[in-house]
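Q: All chains should be built: construct the whole structure from the sequences, respecting the hints.
So the protein sequences, as listed, match chains W and L.
Numbering-wise, the first sequence is residues 1 to 491 according to the numbering used here.
Numbering-wise, the second sequence is residues 1 to 374 according to the numbering used here.
Because the hints were derived from the structure by calculation, they are not lab data.
Think of the CB as a built atom: it goes at the ideal place given N, C-alpha and C, for glycine as much as any other residue.
Misleading hints may appear alongside valid ones.
Stated by the list, open to error - With beta-carbon atoms standing in for the labels, derived distance ranges:
| # | chain 1 | residue 1 | chain 2 | residue 2 | range |
| --- | --- | --- | --- | --- | --- |
| 1 | L | 214 | W | 403 | 14 to 24 Å |
| 2 | L | 365 | W | 219 | 18 to 28 Å |
| 3 | L | 17 | W | 331 | 31 to 41 Å |
| 4 | W | 246 | L | 21 | 51 to 61 Å |
| 5 | W | 42 | L | 215 | 51 to 61 Å |
| 6 | W | 471 | L | 349 | 51 to 61 Å |
As the list claims (entries may be wrong) - Dumping the calculated DSS-like pairs for lysine-lysine here, alpha-carbon to alpha-carbon at most 30 Å:
| # | chain 1 | residue 1 | chain 2 | residue 2 |
| --- | --- | --- | --- | --- |
| 7 | L | 215 | W | 380 |
| 8 | W | 352 | L | 214 |
| 9 | W | 380 | L | 78 |
| 10 | L | 313 | W | 380 |
| 11 | W | 361 | L | 58 |
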Amino acid sequence: MQSMDVNGYYLPPGFREKISAFTVEQIGSKETQVRLKVPLVTRAFVEVLADYLKKQREAYLAELPLKKIIQVLDTASRLWLDPAYPPRQLALKTIPAVTGFSPEVVAASIDVEMESSLAEDIWRALEDEIINPLYLDDFYYSKQLGGFRRAFGPELLVSFFSENIPALPHLLFMRSALVKSACLGKVASGEPTFAPLYLKTIEDIDPRMAECMSVLYWRGGEKGVEDAAFNQADAVILFGGVEACNSLIERIPRRIRILVHGHKLGFGAIGKNRLKIDGIDGLAKAVAYDHAMFDQQACLAPHVYYVESGGEVSPEAFAQKVADAMDDIQTQMPRGLIHPGEASAINQLRAKYEMQELKGKDVRMWVSAGGTEWTVIYEKDPRIFRPSPLKRFVRIWEVEDIFHILPTLKPLGPFLQNAAVDLADEREKDFMGRLGDIGLTRITAPGNMPKPSMMWHHDGISPLAALLRWCDIEKKASVAGLGPLIKENEK
Amino acid sequence: MQALPQHVIEIDQAILEFINRGIDHTDEAMFNQLALTIFALQYQTSGLYRKFCERRGKIPETIACWEEIPAIPTDVFKTAQLSLFPELAQRTFMTSGTSNPDEKGVVAYDRGGLKLMDATIRVAAGEFLFPDRVNPRLLILAPSPESAPHMIMVYGMNRLIEYFGRSDSRFLVGPEGFKIQDLIHALEHCEQENIPAAICGGSFGFVNFFDHCKKIGRTFRLPPGSRCLDAGGFKGRSRELDREEFLECCGTYLGIAAAWCVNLLGMTETASQFYDNCLLNLFRGRPISRIKINPPWTRTLVVNPDTLEPLPKGETGLLRHVDLANRGHVCAIQTDDMGRLMGDGFEIDGRAGSGEAKGCALTIDELTRLQEDG
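A: In structure tokens, the structure reads:
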């Protein structure tokens, strides 16, 4: 058994000397034991830290020009994209040890996250959401308003990072920095190692900006500590299971802005005119990639790909191609470790499908040699949506008409998030419109499911704009507003 | 009614004789021979199972020991019919379908298969539950066979009454639910008349009873020879107790000592049951331990959850049972239970379930719960 010591926290440089009490939590898998060093977090600790973060923000970040903030974030992303960057190399050791993901998946995941976090993307996202990003710096004239306006971010943003999509927490620190907010993140035991490494990068580039950021770890359910964090916050962003988020929301004071990113479902839809012999291998690779990335554990991952019959390549033949592609990916980017319960669920489900296949039903199954590394099922659309057991469990469901999937998916509306669509004919626009109607918040092409841009309205909300408070100056020379009142009194 | 083919009747006879030899032998050669005979019969009779075995290259001609018999995962019974003689079914048992009520596992028993199950209950319960051969009043925390004809546990409990119980033994769950007052009266009667009680039923039924006793401040001191048999988990139908807490409650509320509290592992997919060895050990003057014992007509393997390959003794993995009394469907059953081999038996940790899936994708369990709430 390997063992490893890692830090599961980040404290602002000026705050560090105040802390002497640490504890060590044992986390990690059966194969690798990870000793996670974290400060002993109490209610008072959180209150003092929150106060410190807010003061540092006021003294620096609140007045820092946006251009400079974006430069820092861009530099950080570029550093992380460099394969030789030592913190990245360290993360490629710690994250697999804690999560069981293969280093290849983690590397791909860091690339995906950082490639969409460069200066150009950030400027575009800001322009997309708030039209003139400079509203974040000062009062600027708005033609629409006919006056000046400015956008203010929260003083302190508190975020609970749940689960373990590697390299995702950086997004929260980016968002908080862009709206000039201090940020206190709570990492989950699922993956507590990336966020501290990322903040160290920020510290190396701009230590004063890092003074406004912190990462803590405590065990879930420590109500005193959690309430202290919520009470100090102006905005809270939660990631996690619907039920877990709901139980937290109940305890957050009403004055605080809350954004929730609960667990979601994705799927794919491919039309018959896309199933041409020419290019079919590339399409199969794209579909396989959508499933393999994050080992199908991201909310962006597909639970099923609907494939229309009647094209040059049948859905069944296409499923075979996807199986070949899954096998290839297994050698390039192996699936990570699997929990016994997940493996058992996959083996039980495989056996059920195998029996259908043996009975001569329209079912075919392809599986990895050895264990549960990957599975591809081809079957006719059962017209009832059942989630996949995930961990690279692919289902290709044949439909006669791609529009027929809509009634099955409609009841899942609140859980739908991401769809890959490629119909390659004039129906596509109408189809995508219908997907929007039933609740999707992102539609993309096969192979792009795990790679949303910074511009995406994450779960249907504007993630930056939703954090802002606007101040509009509607002060004109005339007393037009008072006019009727004056007349009324004079009568 | 059609009868079972003669060669099947002969196989049943041989299994029956093996079961009737009791629990104090380990006739490995005979077990293996019978297991392979039964496997050959199942291979020849069930077209579906034959194809399943052929895919794995495990056919009667190529395998020499019971460990190699291809096991059918329990979930398969939810969608496939694997009984050898479904047209001769005398009884059909169904799983509870806790995770998805629309999908219940179904196992049909023919006359011969039922006789085998009856024999396993008589022999195993006689040793593990009633080694003192008392004649207790059985109080069953389960519905009656008339109202729950498809519950294999109810069928088994009814056999216990038939083989071991007094005539005033009874079932204590009716259409209106758990008849808790009737149980209290029955326990009072046992206390007053000095009649040993054997309280048997689902584990969650016990817990609900304990909670009731606590609420009304009532405890019982049942006469010597009284005992508990609990089976199944809590399945969200009561508080979850660990084994120590459960045993403590048996002592507090019923006056029954831990060694007299036997837990049973029974499944719709296996005709035989696996009992704790605590009471048997007590009577045989052995140190008290608590593991599930494989009666000689069964074996248990522990397999790697990912590859389904057998693991060395002592390692934790999925339990796979081979049960000669399963002549009527398939003798090798791959469960979703985690555990490990110990001594002459095994320890069980509970369902592997879908585990603690990490990630932000909605999981099967989560969607099921949310849709139920909605």
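Q: Next step is simple, just say for each hint if it's right about the structure.
A: Hint check results:
1. L:214 with W:403: 14 to 24 Å: At roughly 58 Å between Cβ atoms, residue 403 of chain W and residue 214 of chain L fall outside 14 to 24 Å, so the hint is violated.
2. L:365 with W:219: 18 to 28 Å: 22 Å, holds
3. L:17 with W:331: 31 to 41 Å: 54 Å, violated
4. W:246 with L:21: 51 to 61 Å: Holds, at about 58 Å.
5. W:42 with L:215: 51 to 61 Å: About 37 Å separates the Cβ atoms of residue 42 of chain W and residue 215 of chain L, which means 51 to 61 Å is violated.
6. W:471 with L:349: 51 to 61 Å: 59 Å, holds
7. L:215 with W:380: Roughly 54 Å separates the two Cα atoms, so the pair is violated.
8. W:352 with L:214: 44 Å, violated
9. W:380 with L:78: 19 Å, holds
10. L:313 with W:380: Not satisfied, since the Cα-Cα distance of roughly 42 Å exceeds 30 Å.
11. W:361 with L:58: Satisfied, since the Cα-Cα distance of roughly 23 Å is no more than 30 Å.
When held up to the earlier numbered hints, the structure conflicts with 1, 3, 5, 7, 8, 10 and fits the remainder.
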